[in-house]
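Q: Chain by chain, the residues:
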Amino acid sequence: MSSDPVDGGTPTSTNPLEGVSPEPGVAKPDPVLVIDGVRRSFGGVKAVDVDHLEIQRGLITGLIGPNGAGKTTLFNLMTGFDTPDAGTWEFNGRSIAGVPAHLVARRGMVRTFQLTKALSRMTVLENMQLGATGQVGERFLASLLPPVWRKQERDITARADALLERFKMDHMRDQHAGTLSGGQRKLLEMARALMVEPEMVMLDEPMAGVNPALTQSLLGHIKGLRDDEKRTVVFVEHDMDVVFDISDWVVCMAEGAIIAEGTPAQIGQNPAVVEAYLGATHGQAPIRRKRREAKGTT
Amino acid sequence: MGTIIFFDAVRTAIGPTAAAYALLAIGLNMHFGYTGLLNFGQVGFMLVGAYGVAISVATFGASIWVGMVVGVLAAVLLALILGVPTLRLRADYLAITTIAAAEILRLITRNTGSEPVTGGVFGLRQYAGGFYDVNPIPPGSYLGPLGLSEGRVWIMAVSWGLVALFTLLLWSLMRSPWGRIIKSIREDEDAARSLGKNVFYYKMQSLVLGGVIGAIGGAVFALALQTVQPDTFLPQVTFFAFAILILGGTATWIGPIVGAFLFWFIIAGMQSGLRRFSDAGMLPDFFGSQAIGAVTLTFVGLLLMLLMIFRPQGMFGNKQEMQLDVK
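So the sequences go chain by chain: X and W.
Okay, so the first sequence: first residue is 1 according to this note's numbering, each after it adds one.
Okay, so the second sequence: first residue is 1 according to this note's numbering, each after it adds one.
Hint data in this document are derived by calculation from the structure and do not stem from the laboratory.
Computed from a predicted structure; not experimentally measured.
Any given hint could turn out to be false.
[What the hints assert, rightly or not] Restricting the straight-line Cα-Cα distance to at most 27 Å, the calculated cross-link-like pairs of lysine-lysine (DSS-like) are:
1. X:Lys168 x W:Lys183
2. X:Lys168 x X:Lys151
3. W:Lys319 x W:Lys183
4. W:Lys319 x X:Lys151
5. X:Lys223 x X:Lys168
6. X:Lys230 x X:Lys168
[Unchecked claim] Among the chain X residues that face chain W by a calculated CB cut under 8 Å, a handful are:
7. Ala105
8. Arg106
9. Gly137
10. Gln269
11. Tyr277
From the three backbone atoms N, C-alpha and C, an ideal C-beta is built for every residue, glycine too.
Looking at chain W on its own, in the form it has when it is part of the complex (with noise of 0.2 Å):
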């Protein structure tokens, strides 16, 4: 019963969600982990991502590839419009403003008057197929004892594929005189203000590009359920990513992949391991199959307690940096 539960579990940490929920931790690293931004409502930008993709496609006939630039598009107004009124003030108004749109978002996305173009509670299906339709993988079954489908390998790879082409471009960023003045207005942006930076367009910028890659998150996220629904977008989502971003190691580039993966392999072999458990009779009702998500959740916050008391960096993080006095 150990093999199957591992393999449960590897089969979840290596899949699509994980990579959607990498990208959504990639696009927090930008905003939080490297400009000090406190954004808490990334899954706004997700949702963005994944209903561009699905509207256009479902409610208006578009091709898949125009449904992701339009998602994509919809997360730099969506930036825009959170950052022109809030990043000229203090950290903490940016975070009740996105934490706020976040939730209006998915409020007028389930909103019955919005049925005929989000589909409403019920949300939106069948848009994913042209995705598929250009899979050049050959149908079988693959990675031996996973038994994944050739689609599921598609979305996998497309999947992990922007997570390493986005790692690989805020690795690039950060080491650049760019990611300088980003890191500058994170430690102080007074001070960068008094070197001649223009801290608002900075954080503008990190702000737009850490939306977008939250957004192709979304798009990664629906393409793999092949279904959005507005209820997915719950603000815990959001609280998933910045656990994974802390797992991992806030400002690293290796954080939120190490994070995604763990956060997941913990998630995915919790529940099947109740499960299968619970199934054979071996486990008390307490933990029984109504409450496995509820002890799932349990267990992985006070897995995150044993984190922050035992290596508050996170598992990639520099404790020395972390420790130095802020501000």
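With the rest of the complex left out, here is chain X (with noise of 0.2 Å):
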């Protein structure tokens, strides 16, 4: 596993994907994330029915698909803020079906919400500090005790405060979250995530209703957790310049399955993809003909 080529230096240079096949629920050199036969439906309405999915090890992979494909069902379903009704699924080789969402981000995997979710009443920095793990003064009895978790505190601030320059927020350090614009709750959110020092973020469209100047900023940031962190990234988007400009790997979802998947230049030429995405106009049974075809391949 640890053989496999990790970028070095020239982000994108060698793209360990390069050589794997682009079908649905391939298997990846080195995954970090196995999702198997997960499936969750609502009422009468499956949400999600996945197969196979493997994301890999310290790359960006971009997940598409139309509005109500389940991609953000997924990533409440992985990050345990949602149950499934059956399905399995390993982070780096141990299952985390089942766990809760606080000891899933305890294990490495923290997640963005679609809707940001910044802590108004709270400041930019508290927001930040709150991200550390493994916090003493979280503990009751502990927090009475000032001098038990103030060298802590000091280290908690000076990592937050680094990252907030990191992102350029540092002049807001004090204000009250509730102040940011939308754009700028989107990197504070990012930034706090980082706080929890993950193995892998799942962002949910973290370039939604954000500025086209501030695009270029988080999608930099972005591309630093994979090159200079060595993070894993999965990432919703529905802006496909961005999808193809930052992905190393693509996974296309349609009505709650994986319709495709391989890197951006395949996916731009794939037909079920560009059918999952227009098949309006070409009437529902081809989408269904395609799914089909695709599921019977795994």
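The task is to assemble the complex, starting from two chains supplied on their own in separate frames and drawing on the hints.
A: See below:
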């Protein structure tokens, strides 16, 4: 596993998935997350129905699909915010099926939300400090004895300040998070997720509602997660330019299932993906056929 | 007559009942102000604290100190029973459960079948002796024109001392990393969860702590009145405590104290004023002796409405903070 080529220096110079066949559910050389038979339905609607999916370690995987394809539901299921009707999934070789959300985060898989969850009536700095794990002062009795946690608090604050500086938010440090703009909240949420020091970051529409200037800096930060910090990133996005720009691998969902996988170039030419997005003009039947074909290959 | 009314109002506002209500409001501040838990049954914790003392001493002959411990333990148990099924659900379920549980406790207490233990509708008395026996204050009349007895000064010192103690406790808790998690749950518990915080565990800690503070308020109440009756513990007591908290300012350390003082100053001042003017024949019958309680509450309600319109953050709340969009 460890013999895989890791990006050395220049980003995207060697994509370890270059030779992997672009089929739904294909095996990857070094998967960090492996999903098997995960299903979730709401009433009669099958929201998620994923037979098999592997996420490669240390890369940026883009998750695309039309509205209602089940992308966010899949995020919720993987991170313990929702419970599937069936299925198993492993993170770093250990099953995390049925593990509560806060323990999933502590194991190193941290997600952000489509509708940003800035903690409005706390300062930007407090938002950041909250993200640090293993804080002694979070225990009831220890919290009453500041000398016990003061040094750790200083370290956490230093780390938070460094991240805020990197995300160019240091000047807003003491502002309430509720005063930030939508784009700044997205940045804050991403920075806050990094305070957990996760191995894998799951970003749910990180660019939604962000102005173009900020989009560029957000993209830079996401690439930085991969290139500088060797973290795995999975992100949901609707803007295809963004997806094709930063993804090493793209997974496309439709009607709850994985209908295509591949490098951005392969996905751009994949007829199943085109149909999933433009299917309405071609009628419903072809999509279903493609889905059956897609599932048949796994 | 003005000074008499003023002294009446002050006597109540600095009295042990006001302190007991301040404790109820401090507990609610923990629940509602800091954690965002909607506890509409704080009076249930108060009842448990009051009856913990009264039943232990009057029914089972234990010492008053054992009674206090029993009251606190009963509050912990009540918080666990309420919290385990509801804290995983949405906030409104806790509200429904707590208001119902408080009423159930009151109805059980006043039930004829419970009479051998709780005294039924008649309640219990003669349990507070042990507390007044250890009064270190020499007999006399204190605080000049207020003319307080030594027993009164003793219960006032203890009750406001407890208010100070728990204010200090919450103040130091809320400036620690523990308090940071509590506040983050109020803001958005899913965000806290996504950052690896065990939200359920912290909500439970908050529910227990605020409930215990409410129970100690109940014990103070029982010691001050030296009698407990089930129908003292009506649901409106919880809403008085909420009014106190909002009047003073939620999520502030001083809010419950100032709120309790003002609330009881206004209530007692109004009542004393109305009674004295009515006795002097200076008021129409409409405000007469029969209606004093109702008129006072109407006036307090009006004041609260004006407060909500012109100063929604309360006396000490932060308006800017309050107006930040929540969720």
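Q: Does each hint fit the structure? Answer for all of them.
A: So, going through the hints one by one against the coordinates:
The suggested pairing of Lys168 (chain X) with Lys183 (chain W) holds, with an alpha-carbon distance near 25 Å, which does not exceed 27 Å. For the suggested pair Lys168 (chain X) and Lys151 (chain X), the alpha carbons sit about 25 Å apart, so the restraint of at most 27 Å is met. This hinted pair checks out: Lys319 (chain W) and Lys183 (chain W) have alpha carbons roughly 17 Å apart, not beyond 27 Å. A hinted pair counts as satisfied when its Cα atoms are at most 27 Å apart, and Lys319 (chain W) with Lys151 (chain X) does not qualify at roughly 33 Å.
Simply put, Lys223 (chain X) and Lys168 (chain X) have alpha-carbon atoms about 16 Å apart, close enough for the 27 Å limit, and the pair holds. Simply put, Lys230 (chain X) and Lys168 (chain X) have alpha-carbon atoms about 21 Å apart, close enough for the 27 Å limit, and the pair holds. With a cut of 8 Å, the hint placing Ala105 (chain X) at the interface with chain W holds, because the nearest CB-to-CB distance is about 4 Å. Look at Arg106 (chain X): its Cβ gets to within about 4 Å of chain W, closer than 8 Å, so that hint holds up.
Nearest Cβ of chain W to the Cβ of Gly137 (chain X): about 4 Å, under the 8 Å cut. The hint holds. The beta carbon of Gln269 (chain X) is not positioned within 8 Å of any beta carbon in chain W (closest approach about 36 Å), and the interface hint is therefore violated. For Tyr277 (chain X), the interface hint is violated, since its Cβ never comes within 8 Å of a Cβ in chain W; the closest pair sits about 30 Å apart.
Of the numbered hints given earlier, the model fails hints 4, 10, 11; all others are met.
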